[in-house]
Each structure stands twice: as structure tokens, then as C-alpha cells.
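Order-wise, the sequence lines are chains C and P. Sequential numbering from 1 applies to the first sequence in my numbering. Sequential numbering from 1 applies to the second sequence in my numbering.
Keep in mind that the hints were calculated from the coordinates and are not lab data. Hints are supplied without guarantee of correctness; some may be wrong.
Covered, in the sense of this in silico footprint (three residues per stretch, anywhere, with C-beta under 8 Å from a C-beta of chain C), are these stretches of chain P [to be verified]: (1) 119 to 129; (2) 297 to 310.
In the DSBU-like style, the derived pairs of lysine-lysine whose C-alpha atoms are separated by at most 35 Å in a straight line are [as the list claims (entries may be wrong)]: (3) C/95 with P/302; (4) P/366 with P/317; (5) P/314 with C/182; (6) P/292 with C/95; (7) C/126 with C/95; (8) P/314 with C/100; (9) C/84 with P/378; (10) C/84 with P/169; (11) P/42 with P/137; (12) P/416 with P/226; (13) C/16 with P/205; (14) C/79 with P/137; (15) C/84 with P/331; (16) C/79 with P/564; (17) C/182 with P/317; (18) C/100 with C/123; (19) P/134 with P/176.
Every residue, glycine too, gets a C-beta built ideally from N, C-alpha and C.
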Amino acid sequence: MGKSKSAYSEPGKLGKLENHIIVVWVDNEAGVLARVAGLFSGRGYNIESLAVAEVDKKKHISRITIVTSGTPQVIEQIKLQLRKLIPVHKVADFKSNDQKILFKELALIKIVSSKKNREKARKVCKKYNSIILDKSKNSFVIQVTALRRDIDKLIETLGPLGLVSASRTGAVAMTRGSEIFK
Amino acid sequence: MGKLFSGAEIVFKVLEHHKVEHIFGYPGGAVLPIYDELKNHKTIKHILARHEQGAGHAAEGYARSSGKPGVMLVTSGPGATNAVTALTDAYMDSVPIVCISGQVPTHLIGTDAFQECDTTGITRPCTKHNWLVKDVKDLARVINLAFEVATTGRPGPVLVDIPKDIQFKKTKFVLKSKNKKKLNGKVNDKVSINEVDQVINLMKKSSKPVFYTGGGVINSGPEASKLLRELVSLTGFPITSTLQGLGAYPGDDPLFLGMLGMHGTYEANNAMYNCDLMINIGARFDDRITGKVDEFSPKSKKIHVDIDPSSIGKNIKVDLAIVSDVESFLKTLNKRFKEKNKDFLNSNKSNISTWWKDIDKWRQKKSLNYKNSKEVIKPQYAVQRLYELSKDKDVYITTEVGQHQMWAAQHYKFNKPNRWMTSGGLGTMGYGLPAAVGVQVANPGKLVIDIAGEASVLMTMQEMSTAVQYKLPIKIFILNNQYMGMVRQWQELLHEKNYSESYTAALPNFVKLAEAYGCIGIQAKKPDELDEKIKEMINVNKPVIFDCLVDPMENCFPMIPSGKPHNQMLLGPEDEKEEVSDEGKTLV
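Sequences are here, hints too, so could you generate the full structure?
Now the structure itself:
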């Protein structure tokens with residue numbers, strides 16, 4: 001016999017990993033998030049970030065945005081498997097570098113530091129649509145919206161300037177122009 | 001003000017609406033109101049299993065042999081967890097099951113109440129969908145929808161969890177006549193003429209075609225099998241089948257190459273490897289079929305017809321994907337084929353004659369042959385004799401999982417769909433006996449045989465009691481080799497004959513066990529007494545446990561060893577020796 005010591009075949013060649021954003025419209029019912037998340041964990045797919053909220057109050061439709069990575073075959077499977085779930089209405093898939101799509105993440109960041117460092121921190125945040133939400137004698141809470149990697153960078157920069165806490169959402173996505181995803 | 005019905009009454013009203021005649025179940029605290037209601041519904045017969053797993057497999061056997069959904073009823077907690085194996089089995093093999101489970105009252109959910117478990121949480125990955133009904137007004141709609149989900153598209157199990165207080169609560173009974181909501185577009189069986197024409201073009205260009213058919217043909221209904229037979233006879237192409245597809249095409253027909261895959265025939269696997277056109281109808285490129293994916297059928301164009309879009313491209317990339325129910329696909333294809341290609345069979349004969357010569361050459365290997373013995377019963381011989389002595393009847397065969405299952409698939413020839421019930425995807429030991437119970441319930445008066453192994457059958461042996469209670473004359477034909485044979489075979493091939501824990505010491509005396517259950521026990525030890533004893537088994541109108549003592553060291557051949565492509569099969573013990581000595585060389 002060959003080297004294989006198993007009743008299963010050995011893994012074949014792995015394809016190249018791609019980053020994708022999957023958007024899923026679902027009935028907002030009990031357990032629906034567990035179904036979607038369970039599908040990912042059960043079949044060994046990645047979830048890098050996840051954002052969910054109801055977007056249609058009348059029809060109780062929630063929109064789930066999942067950032068994931070996988071080979072083209074895996075991405076295709078993710079979409080097909082998601083479409084099989086009963087509460088799923090439609091599934092959209094975008095490459096993370098797709099120019100036609102807007103992606104945004106939101107972060108709340110708390111800075112506690114000296115006046116000088118706080119000034120510096122505010123400046124750094126400026127280009128990320130920053131809004132000061134709360135201020136005190138020696139701190140502020142700032143909201144920024146940007147791409148994931150920009151927020152990563154920002155957090156790194158803010159570290160020495162007094163960042164004590166960061167809270168982030170998963171990415172949400174929207175097509176540019178007048179078109180919507182059917 | 002309309003009449004009010006309790007949740008328990010509503011359960012039965014929906015079951016009656018779906019013309020359910022049998023439910024398989026086991027009572028318990030959290031389903032008592034439903035059990036109490038049973039007496040008022042004479043058209044529905046409850047079959048009391050001895051374990052919820054048994055109820056589940058019985059429902060599977062019922063569904064697979066009748067084409068109707070199987071219904072099971074279990075209590076909360078352990079009742080539900082015991083059902084999980086059967087639900088997972090049904091999920092893997094696409095069997096429509098509606099499981100109704102009791103749950104603790106809504107106000108106790110989440111408090112770790114007695115016999116509480118998170119049933120919908122536990123069964124989420126092993127059902128197509130499940131529901132926890134918290135409002136009795138939803139109950140009728142949900143159970144109705146459950147039937148629809150279980151039986152449409154790719155069939156599968158569903159579960160409805162009903163808390164005990166909901167079973168008592170009263171409401172009006174409203175059932176929308178025939179719910180035709182499209183399930184979010186999850187049912188698709190529209191085949192376009194364009195797709196069918198592409199298939200026909202590929203068929204015309206091919207000089208080495210092969211049909212590779214699977215359980216999807218069976219699930220599509222008996223008409224699909226008829227259409228498949230017609231298509232094969234129109235084309236003269238060779239056909240092979242997966243384990244689950246056996247019976248869709250006659251097993252004794254000359255165009256049939258036998259089963260393919262890990263323990264498939266030499267001719268079927270070589271045809272798959274060497275073909276230039278593979279037409280997959282209702283099969284899913286399972287890993288027991290493909291072997292090494294990178295080297296799977298390297299030279300072929302592949303067509304894949306499947307009702308489940310996620311089955312297409314999951315394991316194997318294909319050239320033409322058609323999402324469709326098999327019957328509607330074949331109906332369109334056959335019609336178009338006959339219109340466009342008059343006398344294709346004869347005009348195309350020379351085109352595929354070399355291909356048939358290749359196949360005949362592979363057939364000469366007679367890969368299912370084995371060395372028979374006069375001293376000891378060979379398991380293959382036992383299955384062959386069973387086939388010969390029962391083939392004039394309309395026989396339903398179930399199996400457990402292991403060597404005996406493969407020998408049954410290889411040596412028992414099926415001519416009709418829905419006659420072969422085996423656990424393929426999940427590989428559930430203990431499936432066959434309770435499945436036989438369900439098959440016999442659905443098919444009274446027919447001969448139902450579970451070809452079993454002694455290790456598997458002990459996992460669900462308690463269901464003999466069910467068979468006796470309901471006078472179901474199932475035959476449990478045990479190929480007793482005292483080993484978990486397939487485990488032992490792998491240990492021989494891969495683990496230097498270290499038979500770690502695969503031998504069962506202290507097996508019961510099966511004849512006495514049969515008597516203890518109140519059925520008939522028969523034992524056969526020698527080849528020359530086999531025929532007579534098999535006849536005795538068939539002629540008894542009672543459940544039988546047949547203890548057939550077979551050669552304990554026999555291995556199941558041919559086989560594709562792990563990680564090998566289809567053209568590298570082991571045909572028998574001789575091949576095996578060569579291979580091992582090769583490995584020996586590399587070690588030195």
C-alpha cells in the first residue's frame with residue numbers, strides 16, 4: 001500500500017484564498033443567526049467579521065454581512081449552502097477589492113491621555129469621518145468609520161496616544177450607483 | 001366562533017391532512033398529550049419502537065420503500081437526543097422524515113428542567129430545518145410546512161419541537177389549502193431545451209460515454225427509473241450506479257456495469273476513469289466514489305444533474321451543470337432525444353464499439369469472484385444463495401454497515417427501485433434491523449430481509465421486540481464472522497494486522513436470542529446446509545434471526561485503497577500481498 005494510513009483520501013492541492021463579503025437576507029426569526037453561523041463552523045468556513053440587523057421592519061427581514069475567505073470553490077459552496085437554508089431569501093457575494101462596492105466598518109475608540117496626546121489622537125482620527133461622542137477632563141470617545149485595514153492601522157497608531165478601549169462592528173456593504181442587488 | 005382544538009388535536013389533524021397512516025415513536029412525559037389524543041384517530045397507527053433511534057430508522061425504511069415521508073414521534077431530552085443518529089442518517093441519505101418531539105413547557109425552557117435539552121439547537125445541523133413552536137396558533141402552519149420542506153427539493157429530515165403546554169392549548173384550526181409558497185425559491189425543476197440539447201450534443205460526440213447514476217433517481221420516484229431505463233436503451237451506453245442508486249436500473253442487465261466506488265466492480269471503476277463523457281444523474285461525487293479527487297476521471301467531460309445546487313461543484317468540477325429533479329430532466333431529455341435522433345442506437349453503435357470492447361476486457365477480470373469453499377460458508381456465497389433462492393419474489397433488502405453491506409450490494413441484484421435500503425452517507429451500524437421493521441410496515445406481505453453483520457445488528461437488536469409485537473415477519477440474515485469485519489479488514493491492510501478491539505468475544509447465542517424474543521432462530525454452519533435453511537427462513541411467516549456462520553477472515557474485494565484513483569484497484573488477496581511487499585521494500 002501507499003503511504004496513506006487512512007480510510008480517507010489525502011488532501012488535494014489547495015486553491016488560492018480570496019477575500020469575499022457575503023450578504024444574506026434572512027427572515028428575522030429565532031435561531032436564524034445560529035443557522036448561518038452553524039453552517040460556517042460546521043463546514044469549516046471562516047468568519048472574519050459579522051454584522052446583523054433587521055432592515056425591513058414590516059417583512060421582518062434582517063441583513064447579515066459576513067466577511068470570509070476561501071478558495072473560489074469554497075466561496076461558491078458557501079453561497080449555495082446558504083441559499084438552501086429555509087429562512088434565507090437571497091445571497092450576494094462581493095470580492096473585497098470590488099470597486100463597485102462600498103464597504104464600511106464602524107469603531108468606537110476611547111482615549112485617556114494628556115492634553116497633548118489627545119490633540120494628536122484627534123488629528124489622526126480626522127480623516128476617518130470622526131465624531132467625538134463624549135468628552136471628559138482627561139478622555140474622549142470617538143467614532144470612526146473606515147475600511148477594516150484602516151481601522152487596524154488607526155488603532156495601532158492610537159496605542160501610544162492613550163487608546164484604552166476599542167469596540168468595532170463587522171463590515172457592512174452597499175453597491176455604488178442606483179443599482180440594488182436582486 | 002369556530003370550534004377550538006388543542007395543540008395535540010391539531011398535530012393529528014395535520015397528519016391526517018397529509019394522509020399519514022403510520023407513525024413510529026416512543027412516549028414520554030413531554031409528549032403525553034399527543035399520545036393521549038392517538039385514540040381518537042383510527043386511521044393513524046402508532047408503531048412502538050424500543051428506542052428512538054429504532055423509531056427513526058424504521059421511519060427511514062418506511063419512507064425509502066414507500067416513497068412517502070416517514071413520521072416519528074419522540075419525547076423531550078433523551079427521546080430527542082436518541083433520535084439524532086437517525087435524523088443525521090436521513091439527512092446524509094436524503095430521506096424525508098418528519099420528527100415531532102415533545103418539549104418541556106414554555107415557561108421552563110432554559111431552566112434545565114427535567115428531560116429538557118436544546119432540541120432545535122442539537123438537531124439544527126442534522127435537519128433541513130426545524131422549528132420550536134411557542135404559540136399554538138402557529139402549530140398547524142408549521143407542521144404543514146414541515147411536510148413540505150421534508151418532501152420537496154432534495155428530501156430530508158425536519159423536526160418540530162412542541163412544548164407540552166402548547167399541546168394542551170386550544171385554538172382554531174386553520175390550514176391553508178395546499179401551501180404553494182415557493183419556499184424562497186428552493187425548489188427548482190425547470191429544465192431548458194437548451195440545456196438538454198447541450199447534453200445530447202455531448203452524447204453524440206462521445207465515443208466513451210458512461211452513465212453514473214445515484215440515489216437521486218430513486219428519490220425522484222418510480223417514473224424516473226423507467227425513464228432512465230428508456231434512456232439507456234435509446235443510447236446503448238454503459239451504466240453504473242452508486243450504492244444508493246441500486247435498483248434504478250436492472251442489476252442483471254448486460255449494459256449495467258455493477259456498482260462503482262471503493263468496493264465497486266473493476267469494469268465500473270475503469271469505465272469511470274477512462275471515459276470521455278460522464279453523465280452523472282442524481283449522484284453527488286461522494287468520497288467513497290471518487291477516490292483521489294485530483295486523479296478522478298481525468299479525460300472526461302462531466303455532466304451533473306442534481307436537484308441540489310450545492311451538490312454540483314462541491315467535490316468535482318463539472319462541464320455542464322443542470323439543477324433539476326431527475327424525472328423532469330429525463331422526461332425532457334428522452335423526448336428531445338427521440339425527436340432529434342432517430343435510430344441513434346444503431347447509427348452510433350460503431351462509434352462506441354471499441355469502448356464496449358474495453359469494458360468487456362475489464363469484465364473478463366471477474367472482479368467479484370472469490371474462492372469458494374466446501375468446508376466453510378463464504379459470505380459472498382451466502383448472499384448469492386440468498387439472492388438465487390429469493391429472486392422470484394418481490395424482495396426488500398436492508399443492510400447494516402460493513403463488509404456484509406458491500407457483499408450485499410455486489411452480489412444481490414436489484415431490478416426495481418425502492419427495494420434497497422442501506423445507510424450510505426452516515427454509515428450507521430444498527431440501521432438495517434429497524435429499517436426492516438419500517439419496510440415491512442409499509443409493505444405487508446412482502447419478503448423483507450436485513451442482510452446483517454453480527455456486530456451491527458447487536459446495536460439495535462431490541463427492535464426484534466417491535467417486529468414480534470406487530471407480527472412483522474422480517475428476516476435478519478446475519479453474516480456472522482465474529483469480527484467487525486470492515487474494521488478488521490482495514491486493520492489488516494493499514495495497521496499491520498493489529499486487530500485492536502475488532503473481535504467480539506462473548507457473542508450471544510443468536511438462536512436462543514431469537515427464541516427469547518419470541519421469533520424463530522436458525523443457524524447454518526456448512527455450505528451444504530445453507531440452501532435448505534434459507535428456504536426454511538423464507539417460508540416461515542414469522543420474524544427470523546438467521547445466524548449464518550461465515551469465514552471470519554474473508555475480505556471484501558475488489559477495493560480502491562485509500563488515496564488511489566479508480567484505475568488502481570486491488571482485486572483480491574494476491575494483489576494485497578504484492579502491495580504489502582512493495583511497502584516492505586521501501587522500508588528497507
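Evaluation of the provided hints:
| no. | hint | result |
| --- | --- | --- |
| 1 | 119 to 129 | holds (count 6) |
| 2 | 297 to 310 | holds (count 3) |
| 3 | C/95 with P/302 | holds, 28 Å |
| 4 | P/366 with P/317 | holds, 32 Å |
| 5 | P/314 with C/182 | holds, 25 Å |
| 6 | P/292 with C/95 | holds, 31 Å |
| 7 | C/126 with C/95 | holds, 28 Å |
| 8 | P/314 with C/100 | holds, 28 Å |
| 9 | C/84 with P/378 | violated, 46 Å |
| 10 | C/84 with P/169 | holds, 33 Å |
| 11 | P/42 with P/137 | holds, 25 Å |
| 12 | P/416 with P/226 | holds, 10 Å |
| 13 | C/16 with P/205 | holds, 34 Å |
| 14 | C/79 with P/137 | holds, 34 Å |
| 15 | C/84 with P/331 | holds, 25 Å |
| 16 | C/79 with P/564 | holds, 31 Å |
| 17 | C/182 with P/317 | holds, 27 Å |
| 18 | C/100 with C/123 | holds, 30 Å |
| 19 | P/134 with P/176 | holds, 20 Å |
Of the numbered hints stated above, the single one contradicted by the structure is hint 9.
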